[in-house]
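Trainee: Protein chains in written order, with the numbering used here: chain C, 32 to 367; chain W, 200 to 377; chain G, 145 to 570.
Derived from the structure by calculation, the hints contain no laboratory data. No residue lacks a Cβ here, since even glycine has one placed at the ideal position from N, Cα and C. Any given hint could turn out to be false.
To be verified - List of simulated lysine-lysine pairs, DSS-like, C-alpha gap at most 30 Å:
#	chain 1	residue 1	chain 2	residue 2
1	W	265	C	82
2	C	305	C	210
3	G	552	G	441
4	G	300	G	280
5	C	82	W	260
6	G	397	G	300
7	G	300	G	349
8	C	120	C	58
9	G	460	G	552
10	C	91	C	202
11	C	58	G	349
12	C	58	G	460
13	C	205	C	90
14	G	151	G	554
15	G	460	G	300
16	C	98	C	120
17	G	460	G	349
18	C	58	C	205
19	W	226	W	260
20	G	441	G	394
21	C	120	W	265
22	W	265	C	98
23	W	265	C	91
24	G	441	G	397
25	C	202	W	265
26	C	82	C	58
27	C	210	G	349
28	C	91	C	120
29	G	300	G	392
30	C	205	W	265
31	G	441	G	300
32	C	90	W	265
33	C	205	C	82
34	C	205	C	305
35	C	210	C	232
36	C	232	G	349
As the list claims (entries may be wrong) - Where chain C lies over chain W, by a calculated footprint (3+ residues, C-beta under 8 Å):
#	stretch
37	280-290
38	313-324
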Amino acid sequence: MSLSLKSTAAMPSSSSGPEVTVPSLGKDLVGLEPLSAEQIQLILDTAEPFKEVSERQIKKVPALRGKTIVNLFFEASTRTRISFEFAEKRLSADTVNVASSGSSVSKGETLVDTARNLEAMRIDMVVIRHGSSGSAKFLGDRIRSNVINAGDGKHEHPTQGLLDLLTLRDKFGKINGLKVAICGDVLHSRVARSNIWGLTKLGAEVAVCGPATLMPRDIESLGVTIIPRIEDAIQWADALNILRLQLERMTAGFIPSLREYNRVFGVTRDRLDKAPRDLVIMHPGPMNRGVEIDSDVADGEHSVILPQVTNGVAVRMAVLYLLAGGSPDWAEGGER
Amino acid sequence: MPTRTPLLDDRAIARALTRMASEIVEKCHGIDGLVLVGIQRRGVELAERLARQIEAAEGGKVGRGKLDITLYRDDLQTIGPRPVVSETRLPPSLDGRTIVIVDDVLYTGRTIRAALDEFADFGRPRRILCCVLVDRGGRELPIHADFVGTSVNTGPQDRVDVFVTEIDGRDAVELVRA
Amino acid sequence: MSAILLKGGRVVDPSQDHDGVADLLLIDGKVEKLARNIGGPDGAEIVDVSGKVVAPGLIDLHVHFREPGQEDLETVATGAMAAVAGGFTSVCAMPNTDPVTDNQAAVGFIVRQAQRAAKAKVYPIGAITLGQRGDKLAEFGEMVGAGAVAVSDDGKPVVSSHMMRTALEYARTFGIPVADHCEEPTLSAGGVMHEGIISTRLGLKGIPAAAEEIMVARDIILAELTGGHVHLCHMSTRGSVELIRRAKEKGLKVTAEATPHHFTLTHERCEGYDTNAKMNPPLREAADRDAVRQGLKDGTLDVISTDHAPHHYDAKEREFDDAPNGIIGLETSLGLALTELVHTGLLTLPELITRMSTQAARIFNIPGGTLRTGHPADVVVLDPDRTWVVDPATSFSKSRNTPFAGTKLKGRVEMTIVRGSIVFRD
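Sequences are here, hints too, so could you generate the full structure?
Mentor: Below you can see the structure in the form of structure tokens.
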């Protein structure tokens, strides 16, 4: 399915020189794995001016005026959905939230039918969060609208990966050569996977730390090192990205108890104080205070958890802005 | 076979800027509340030069700003590839201030229109004026420039290239006729 | 009298150690004579098969026809037609139908449907336990009396070792094998593909090789304990192959099969979340695929079986997690086997025919698998060099779920003869 865009009916440039345009991201953002380092840099760079928009009194620009965007969330999520909604509204798009639960089978309407309905309504963009890995690609392959993955099963959560990268870049000025340890339930974490792709592509050194029962098979093949104990990860890293312990996904007790998890793997004040340098603390949220991270760490001076949230809106605005350049032109009403 | 004609050399540009700087101060009755906002990219450099000239002549401080109008373009929905968005930085409040938009070339007027829309999202200036280095005619909207460096009549196939030292290594204005 | 004379083909019959150009005469549904330059009786249909290969009809010990219960996916009739289009003259149909084929009436139904269709012979496999629920033994004796040739709870593993032991012992009475789908359910629960680097990348829950190997080991031990015959379905891992090799060295009554997709594809095929690469047991790593090939070469794996599993397009057109397991296979099995095993030089053609016909008949003790005089005239004529492209739209199966659409294969069935009648001609 190829999407041909209208030719550049350029606004006759009143300023001199050729217009500087940016390379395309394609129709969908399904993950960070398919992106090149240049494309990831592009998104991060594009997020900068959007940070400024969020600081204005009137937090709105008309860039996506008239576009319809559906937030299709099959899994409950407040923060990600709100973040996307702000991003969309600040770009002046029209947004609709569709919340659903359960798998296609239990719901009675398949994802294919949902996709076709959306396309019949001429939606420009769909932001989808779904419990099945591969569902974002599944949708993107079947509809002409742009599809943005807001988290598909255990596969990827690309905008989270991007905002984590942006936050690190803000703090350190670069990604290349940074040592980042991703700590916790890596097995079930799409945030971990997206971070691994983004960080390795931009030249960071990545380690994963957590109980062996929560480590995916052959994870080293993705270019990461395994550090079994949290104390060693703290010694090694410039930044820790602490993952939420996925209570809802742990059907078969991968760890004996939350108490033990905190005792053995929790990022506590005591452990953090032993760090040889000022360790940056990140967490995608929502936090289980007292489990994977203690409150005094989460609220402490090294935490960039709140800047992550701010950057989230800017990054999502950047992604929407960049993808919308390739939106299908419904006005022409037909195949292109 | 396109022909390239110089319209202004570096000295002519300097003279034009000097003249426009004093015109601005004259029309605004001084520099009180004045903010020069350059349109990205070359307008920003020109605005900086004007501001410095005005400050040197009047001995006070002139407000400065940079504006990127990409997100306000009226053709964003139809062009394909995304243009790069540069920095927008304006003084905290525009209410009651006198803004002079500075750009290198005025042609259809759509850039200025986009800038006006963007200002509306920042506050309510007392007055907005427009200063351009080159007015090449061909307006598509009812927009005019209050301060003009030079005027030239052009057709849709022509192009006016402005080069500024800070970006291009030299100062020049050239007309490329198709 | 009906007679067919196949002239001038390369007749490959491992049961008689025959591999050479000869004529084959079939009269009244039986093989009459295999010799050079046979002068046919009057009225015989003479078919020139020079340049082709003539072999005993292929036998598939493991297919799923969805009748009764899901006739929209496949029926005994359409399945039997797909079978002969693939060169198969006999197939064994697994009992995970709806309702489950766990009694003599159900077995008899399959037999009659097959007779009506009059294409490939369909031998029912009866369930081990009632409803395949794993708790109560089905009536092996009655089912065998009605035509069942083996018992299996395939689709599911026999979880209880005690039940598996009982089944093996009881099956000895009737001389039938117990076919087990080897999967340790607590290890495989929730898994949708092989546990490895690909499942990690795709974020899908994996099924470790150990889930299969643990049950293979258990079944081998129980075969030794009981003296019964266990037939291990669709083997997929190198660990399993090694366990079976050692069991055979000990002389145990263990037989095993492998599918064409397990000797052709690996878990990389799941990239992009293609549900046509989703099956159980899952596609494994390259080393496993190579071990399966080696097992077919040295006889550790006795036969090639397709595990033909029709599914509706809509069912496969969903998220990977939710899609059902399995692919069709009857019409591509021979082509894949010739392309991947014979043309690569791994197996000779006689060795392949052994794996796809001779040995199958032997281990399940069913007629066929041979061109000896007096035996049923179940014959396949194939062109081992003809290239073709797989097009599911032209298949005889009702379902289209295959990962091989568009694949170019070398080797194809040209004619299939069952009981002396030509039931398929390309």
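Trainee: State for each hint whether it applies.
Mentor: Status of the hints after comparison with the structure:
As the CA atoms of residue 265 (chain W) and residue 82 (chain C) are separated by approximately 16 Å, the hinted pair is consistent with the 30 Å bound. For the given pair, residue 305 (chain C) sits about 17 Å from residue 210 (chain C) by alpha-carbon distance, which is consistent with the 30 Å threshold. Among the hinted pairs, residue 552 (chain G) with residue 441 (chain G) is consistent with the structure: their alpha-carbon atoms are about 23 Å apart, no more than 30 Å. A hinted pair counts as satisfied when its Cα atoms are at most 30 Å apart, and residue 300 (chain G) with residue 280 (chain G) qualifies at roughly 15 Å.
Distance hint between residue 82 (chain C) and residue 260 (chain W) is fulfilled; the C-alpha atoms sit about 28 Å from each other, no more than 30 Å. Simply put, residue 397 (chain G) and residue 300 (chain G) have alpha-carbon atoms about 22 Å apart, close enough for the 30 Å limit, and the pair holds. This hinted pair checks out: residue 300 (chain G) and residue 349 (chain G) have alpha carbons roughly 19 Å apart, not beyond 30 Å. Taken as a hint, the residue 120 (chain C) and residue 58 (chain C) pair is honoured in the structure, with Cα atoms around 21 Å apart against an allowance of 30 Å.
In summary, the hint linking residue 460 (chain G) to residue 552 (chain G) is supported, as the alpha carbons are separated by about 23 Å, within the 30 Å threshold. For a cut-off of 30 Å, the pair hint linking residue 91 (chain C) to residue 202 (chain C) stands: about 26 Å separates their Cα positions. For the hint pairing residue 58 (chain C) with residue 349 (chain G), the CA-to-CA distance comes to about 28 Å; that is within 30 Å, so the pair holds. Distance hint between residue 58 (chain C) and residue 460 (chain G) is fulfilled; the C-alpha atoms sit about 24 Å from each other, no more than 30 Å.
For the hint linking residue 205 (chain C) to residue 90 (chain C), the alpha-carbon distance of about 28 Å falls within 30 Å, and the restraint holds. Pair hint residue 151 (chain G) plus residue 554 (chain G) holds up; C-alpha atoms about 23 Å apart against a cutoff of 30 Å. Only pairs whose Cα atoms come within 30 Å are accepted, and residue 460 (chain G) paired with residue 300 (chain G) is accepted, the gap being roughly 20 Å. A threshold of 30 Å between alpha carbons decides the hint, and for residue 98 (chain C) with residue 120 (chain C) the separation of about 10 Å falls inside it, so the pair holds.
A C-alpha spacing of about 18 Å is found between residue 460 (chain G) and residue 349 (chain G), which places the hinted pair at or below 30 Å, so the restraint holds. As the CA atoms of residue 58 (chain C) and residue 205 (chain C) are separated by approximately 28 Å, the hinted pair is consistent with the 30 Å bound. Proposed proximity of residue 226 (chain W) and residue 260 (chain W) is supported: the alpha carbons are some 17 Å apart, at most 30 Å. With a CA separation close to 19 Å, the supplied pair residue 441 (chain G) and residue 394 (chain G) stays within the 30 Å bound.
Using a Cα cut-off of 30 Å, the hinted pair residue 120 (chain C) and residue 265 (chain W) holds, with the two alpha carbons roughly 24 Å apart. Restraint check: the Cα-Cα separation between residue 265 (chain W) and residue 98 (chain C) comes to about 28 Å, which is no more than 30 Å; the hinted pair holds. Under the criterion of a C-alpha separation no larger than 30 Å, the hint pairing residue 265 (chain W) with residue 91 (chain C) is consistent with the structure, at around 18 Å. With a C-alpha separation of about 19 Å, the suggested pairing of residue 441 (chain G) with residue 397 (chain G) holds against the 30 Å cut-off.
Restraint check: the Cα-Cα separation between residue 202 (chain C) and residue 265 (chain W) comes to about 25 Å, which is no more than 30 Å; the hinted pair holds. Note on residue 82 (chain C) and residue 58 (chain C): the hinted pairing holds, with a Cα-Cα distance of about 24 Å set against a maximum of 30 Å. Taking the CA atoms of residue 210 (chain C) and residue 349 (chain G), the gap is about 29 Å. The hint holds against a cut of 30 Å. Restraint check for residue 91 (chain C) and residue 120 (chain C): the C-alpha separation of about 7 Å stays at or below 30 Å, so the hint holds.
Among the hinted pairs, residue 300 (chain G) with residue 392 (chain G) is consistent with the structure: their alpha-carbon atoms are about 25 Å apart, no more than 30 Å. Annotation: proposed proximity of residue 205 (chain C) to residue 265 (chain W) holds, straight-line Cα distance about 26 Å (limit 30 Å). Distance hint between residue 441 (chain G) and residue 300 (chain G) is fulfilled; the C-alpha atoms sit about 28 Å from each other, no more than 30 Å. Between residue 90 (chain C) and residue 265 (chain W) the alpha-carbon distance is near 18 Å, which keeps this suggested pair within the 30 Å criterion.
The straight-line distance between the Cα atoms of residue 205 (chain C) and residue 82 (chain C) is roughly 18 Å, inside the 30 Å bound, and the hint therefore holds. For the suggested pair residue 205 (chain C) and residue 305 (chain C), the alpha carbons sit about 25 Å apart, so the restraint of at most 30 Å is met. Restraint check for residue 210 (chain C) and residue 232 (chain C): the C-alpha separation of about 13 Å stays at or below 30 Å, so the hint holds. Between residue 232 (chain C) and residue 349 (chain G) the CA atoms are separated by roughly 25 Å; this keeps the pair inside 30 Å, and the hint holds.
Coverage of the stretch 280-290 of chain W by chain C holds in this model, with 9 residues showing a Cβ closer than 8 Å to a Cβ of that chain against a need of three. Taking a C-beta to C-beta cut-off of 8 Å, the stretch 313-324 of chain W contributes 5 residues in contact with chain C, enough for the three needed, and the coverage statement holds.
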